[in-house]
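Trainee: Once you have looked at the hints, place chain B on chain A.
There are 2 protein chains.
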Amino acid sequence: MALPHAESGQIIDISPLGSRLRATVSTALFKAEDLEVMRLVLLAGKGIPPHRVAGEVTIQCIEGVVEVSSQQVRTLDAGKMLYLRGDEVHSLRALEDASVLLTIFLDRRSGKLQGGVSAGISAGLASP
Amino acid sequence: MALPHAESGQIIDISPLGSRLRATVSTALFKAEDLEVMRLVLLAGKGIPPHRVAGEVTIQCIEGVVEVSSQQVRTLDAGKMLYLRGDEVHSLRALEDASVLLTIFLDRRSGKLQGGVSAGISAGLASP
Numbered sequence: 001m002a003l004p005h006a007e008s009g010q011i012i013d014i015s016p017l018g019s020r021l022r023a024t025v026s027t028a029l030f031k032a033e034d035l036e037v038m039r040l041v042l043l044a045g046k047g048i049p050p051h052r053v054a055g056e057v058t059i060q061c062i063e064g065v066v067e068v069s070s071q072q073v074r075t076l077d078a079g080k081m082l083y084l085r086g087d088e089v090h091s092l093r094a095l096e097d098a099s100v101l102l103t104i105f106l107d108r109r110s111g112k113l114q115g116g117v118s119a120g121i122s123a124g125l126a127s128p
Numbered sequence: 001m002a003l004p005h006a007e008s009g010q011i012i013d014i015s016p017l018g019s020r021l022r023a024t025v026s027t028a029l030f031k032a033e034d035l036e037v038m039r040l041v042l043l044a045g046k047g048i049p050p051h052r053v054a055g056e057v058t059i060q061c062i063e064g065v066v067e068v069s070s071q072q073v074r075t076l077d078a079g080k081m082l083y084l085r086g087d088e089v090h091s092l093r094a095l096e097d098a099s100v101l102l103t104i105f106l107d108r109r110s111g112k113l114q115g116g117v118s119a120g121i122s123a124g125l126a127s128p
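Note that the protein sequences, when read in sequence, are chains A and B.
For the first sequence, counting from 1, position 123 maps to 123 in the working numbering; every step adds exactly one.
For the second sequence, counting from 1, position 68 maps to 68 in the working numbering; every step adds exactly one.
Derived by calculation from the structure, the hints in this document are not laboratory data.
Idealized CB from N, CA, C, for every residue including glycine.
Treat the hints loosely; a few may be bogus.
Straight line, CA to CA, 30 angstroms or less: simulated DSBU-like cross-link-like pairs of lysine-lysine [claimed, not checked]:
id	chain 1	residue 1	chain 2	residue 2
1	A	Lys80	B	Lys46
2	A	Lys46	B	Lys80
3	B	Lys46	A	Lys46
Non-contacting residues of chain A with respect to chain B, defined by C-beta distances greater than 12 angstroms in every case (computed) [what the hints assert, rightly or not]:
id	residue
4	Ile11
5	Val25
6	Leu95
Reference listing, derived: stretches of chain A covered by chain B, where coverage requires no fewer than 3 residues with Cβ under 8 angstroms from a Cβ of chain B [stated by the list, open to error]:
id	segment
7	12 to 21
8	27 to 37
9	44 to 50
10	54 to 60
11	97 to 108
Here chain A stands alone, though its shape is the one from the complex (with noise of 0.2 angstroms):
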């Protein structure tokens, strides 16, 4: 989490990572007004538990293999997203080391968020 968030125009570069994936933490790419995106690095058999976020989310599998289980459960490789309404209790666990994408609409109506997904993600991260 050390790399400085992106400003607006700023070129990121999400490309799969390859060789490097096992040395590459999550990051927040960048955290706007009302956007943020991610992206995580999930060892195979890692994941995160199950949590919601206030506003809705769009999953995007950059490579490898990831489940998502919400009230279903989708398996999503390379060039697969699917979006969560706001709210909806899911968790997200590895089939293949991977790393995915993350598109948060940081919901304030509710007064729910504020800044805790970034943090809620990572301590999701630190536990197998």
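Mentor: Below, chain B without anything else, positioned relative to chain A:
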């Protein structure tokens, strides 16, 4: 635009189109309460004339090369993205046949948008 929009949790394929690109039209992949995601297909030399949307947007190049002009001119190839603040005038132009993922925050606070994004972009696509 004849495809039905994806529902929450439904898998969406945004893989590079490759040889199918020239036979594929731009599509609104889904439009939820706060986020809209579109895949633009831009043939080399074509683009979207200058416009603005109320909310923040991310522009991700899936394949090909696209030039994004706002306060600065940026060139995105596959695996590169950027975001733009809301209300920032910008235009797109493909330098090579490209597919581009747009994620748009539907900022309804301003009362300016209300579904005009797809229509505006479709209108833009129709012109050279």
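Trainee: Give a verdict on every hint.
Mentor: Results of checking the hints against the structure:
1. Taken as a hint, the A/Lys80 and B/Lys46 pair is honoured in the structure, with Cα atoms around 26 angstroms apart against an allowance of 30 angstroms.
2. Pair hint A/Lys46 plus B/Lys80 holds up; C-alpha atoms about 26 angstroms apart against a cutoff of 30 angstroms.
3. Among the hinted pairs, B/Lys46 with A/Lys46 is inconsistent with the structure: their alpha-carbon atoms are about 43 angstroms apart, more than 30 angstroms.
4. With a minimum CB-CB distance of about 5 angstroms to chain B, A/Ile11 fails to clear the 12 angstroms threshold, and the non-interface call is violated.
5. Listed as outside the interface, A/Val25 is consistent with that label: its C-beta sits roughly 19 angstroms from the nearest C-beta of chain B, beyond the 12 angstroms cut-off.
6. Against the 12 angstroms criterion, A/Leu95 stays outside the reach of chain B, whose nearest CB is about 15 angstroms from its own CB.
7. For the segment 12 to 21 of chain A, the stated coverage by chain B holds: 5 residues have a C-beta nearer than 8 angstroms to a C-beta of that chain, and at least 3 were required.
8. Counting residues of the segment 27 to 37 of chain A whose CB lies closer than 8 angstroms to any CB of chain B gives 6, which reaches the minimum of 3, so the coverage claim holds.
9. Chain B is given as covering the segment 44 to 50 of chain A, and this is violated because 0 residues of the stretch bring a CB closer than 8 angstroms to a CB of that chain, at least three being needed.
10. For the segment 54 to 60 of chain A, the stated coverage by chain B holds: 4 residues have a C-beta nearer than 8 angstroms to a C-beta of that chain, and at least 3 were required.
11. With a cut-off of 8 angstroms between beta carbons, the segment 97 to 108 of chain A has 3 residues touching chain B; three or more are needed, and the interface restraint holds.
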